[in-house]
Amino acid sequence: MSKEKVQISPLQFTFLFITLVISTADIFLPSFVAQDAKRDSWISPIVSSVFMIPVLAIFIALSRQHRGKNLVEMCTGITGDFIGRIIGFLYAFYFLFVGIGATMAISIVLDITFLPLTPLWVIVTLSIIVALYGVYSDIEVIARVNDLLLPAGMGILMFLILLNVNEYDFNFFRPVLTRGILQPLRGSIVIFGYLCETVVLLQIVKFVNRPEKIGRALFAGLFITSSGILAGTLIYAVFGPLTEIFLIPSLEFARFSSIGKYIQNLDVLVLAIWITGIYAKIMIFMYSGSYAMAQLFRLRDYKAIILPIGFLSFSVAVSSVGDYIRDLYFMHYILPLYSVAMALVIPGMLLAISSVKKRTGRKRRKNKADG
0 MSKEKVQISP LQFTFLFITL VISTADIFLP SFVAQDAKRD SWISPIVSSV
50 FMIPVLAIFI ALSRQHRGKN LVEMCTGITG DFIGRIIGFL YAFYFLFVGI
100 GATMAISIVL DITFLPLTPL WVIVTLSIIV ALYGVYSDIE VIARVNDLLL
150 PAGMGILMFL ILLNVNEYDF NFFRPVLTRG ILQPLRGSIV IFGYLCETVV
200 LLQIVKFVNR PEKIGRALFA GLFITSSGIL AGTLIYAVFG PLTEIFLIPS
250 LEFARFSSIG KYIQNLDVLV LAIWITGIYA KIMIFMYSGS YAMAQLFRLR
300 DYKAIILPIG FLSFSVAVSS VGDYIRDLYF MHYILPLYSV AMALVIPGML
350 LAISSVKKRT GRKRRKNKAD G
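Note that numbering that gives the first Met the number 0 gives residue 187 to position 188 of the sequence shown, counting from 1, and the numbers run on in steps of one.
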């Protein structure tokens, strides 16, 4: 499929935003936020959403100033070919890195919960193969599949939340801010880092068929995603401080849920949501990384480097996964800051440089016209 024919709608763009965050945020994030914010964990999603508003404003401004371009093209167009390619390589590495991290996340979940006797390399191999197939099919196919999977997944999550409505004890959230604002702020930084992973959407923003609605699509995605994360903090209303101890609180929440005496062990539903959602996330990041690499090396078709990137991803994931304490520490404390730098710091600098160049160009044209 040629790039000229690839198109996604603003609604699909919104759905991709939601999937990028919710797919992995539902796994370890409730535990991370509970460890940082304690009983004030419900405040953290609200604060992180406010933090995300200027980030989305930067995304929207860049997409409007450089309409018809993706992130790599913006970098080279704003800072020049040499520096732009360096920044482009940083983003290509970041996209592939997050994709590998998502592969490791699903491998950890399956190994700990449902497939403890299965070698990790088998899980990683299957994940990479499925992801590469989606990458080869192009972003339009990924978006269409996501159109089917996301509503079903969100529906199941809402069903589980409503199923336990009689079990919530909101006294676990009281008293509010007894230890100050620092704890919920720490929790909000972790959520903010997950939200910042949506910078990958700038690499596919040129494919949105109605660019005038990009801003609305992004803010709709932020609202729905933040609402989902806020709903996820209800796990603390069921388990209280135990949420900080659980490795995967969402799974315990699903196991706690039941329909009468006969329908129990609904954790299988949660697992199905995670697998489909994380595979979609891996596809998006690997597609963006492959596409960015193809642009940087001036290849005609990104599909030429899919297999090498697949082998690289497999090697890194297999060699890295296994030390769960190290992996979870990285996901909790390092990756969010890395994502903030890639979504806020660098795009903010690009926007500043672009705005200065635009104003300078206007002044020069005005001086020439006056002269």
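Just so you know, these hints were derived from the structure itself, not from any lab.
Here a beta-carbon is modelled for each residue, glycine too, at the ideal position from N, C-alpha and C.
Some hints could be false.
As the list claims (entries may be wrong) - DSBU-like mimics (lysine-lysine), calculated; alpha carbons at most 30 Å apart, straight line:
(1) K362 with K4
(2) K68 with K302
(3) K205 with K4
(4) K68 with K356
(5) K205 with K356
(6) K68 with K357
(7) K212 with K4
(8) K356 with K212
(9) K68 with K212
(10) K302 with K205
(11) K212 with K357
(12) K302 with K4
(13) K205 with K362
(14) K357 with K205
(15) K302 with K356
(16) K68 with K205
Stated by the list, open to error - Distance ranges between label pairs, derived from CB positions:
(17) K362 with L268: 41 to 49 Å
(18) E139 with R361: 34 to 42 Å
(19) L147 with F113: 37 to 45 Å
(20) I324 with F113: 15 to 23 Å
Verification of the supplied hints:
Taking the CA atoms of K362 and K4, the gap is about 38 Å. The hint is violated against a cut of 30 Å. Simply put, K68 and K302 have alpha-carbon atoms about 20 Å apart, close enough for the 30 Å limit, and the pair holds. For the suggested pair K205 and K4, the alpha carbons sit about 12 Å apart, so the restraint of at most 30 Å is met. For the given pair, K68 sits about 17 Å from K356 by alpha-carbon distance, which is consistent with the 30 Å threshold.
With a C-alpha separation of about 22 Å, the suggested pairing of K205 with K356 holds against the 30 Å cut-off. This hinted pair checks out: K68 and K357 have alpha carbons roughly 16 Å apart, not beyond 30 Å. A hinted pair counts as satisfied when its Cα atoms are at most 30 Å apart, and K212 with K4 qualifies at roughly 19 Å. Restraint check: the Cα-Cα separation between K356 and K212 comes to about 26 Å, which is no more than 30 Å; the hinted pair holds.
Under the criterion of a C-alpha separation no larger than 30 Å, the hint pairing K68 with K212 is consistent with the structure, at around 16 Å. For the given pair, K302 sits about 18 Å from K205 by alpha-carbon distance, which is consistent with the 30 Å threshold. Between K212 and K357 the alpha-carbon distance is near 23 Å, which keeps this suggested pair within the 30 Å criterion. Straight-line distance between C-alpha atoms of K302 and K4 comes to about 16 Å, which keeps the hinted pair within the 30 Å bound.
For the suggested pair K205 and K362, the alpha carbons sit about 29 Å apart, so the restraint of at most 30 Å is met. Of the supplied pair hints, the one linking K357 and K205 holds, its CA atoms being roughly 21 Å apart against a limit of 30 Å. Taking the CA atoms of K302 and K356, the gap is about 35 Å. The hint is violated against a cut of 30 Å. For the proposed pair K68 and K205, the alpha carbon gap of about 5 Å is at most 30 Å, so the pair holds.
In this structure the supplied range 41 to 49 Å is violated for K362 paired with L268, their Cβ-Cβ distance being about 60 Å. Evaluation of the 34 to 42 Å hint for E139 and R361 yields a pass: the beta carbon distance comes to about 37 Å. Against the hinted window of 37 to 45 Å, the Cβ-Cβ separation of L147 and F113 comes to about 23 Å, which falls outside the hint. Checked against the hint of 15 to 23 Å, the pair I324 and F113 passes, with Cβ atoms roughly 21 Å apart.
In this structure, the hints that do not hold are numbers 1, 15, 17, 19, in rising order.
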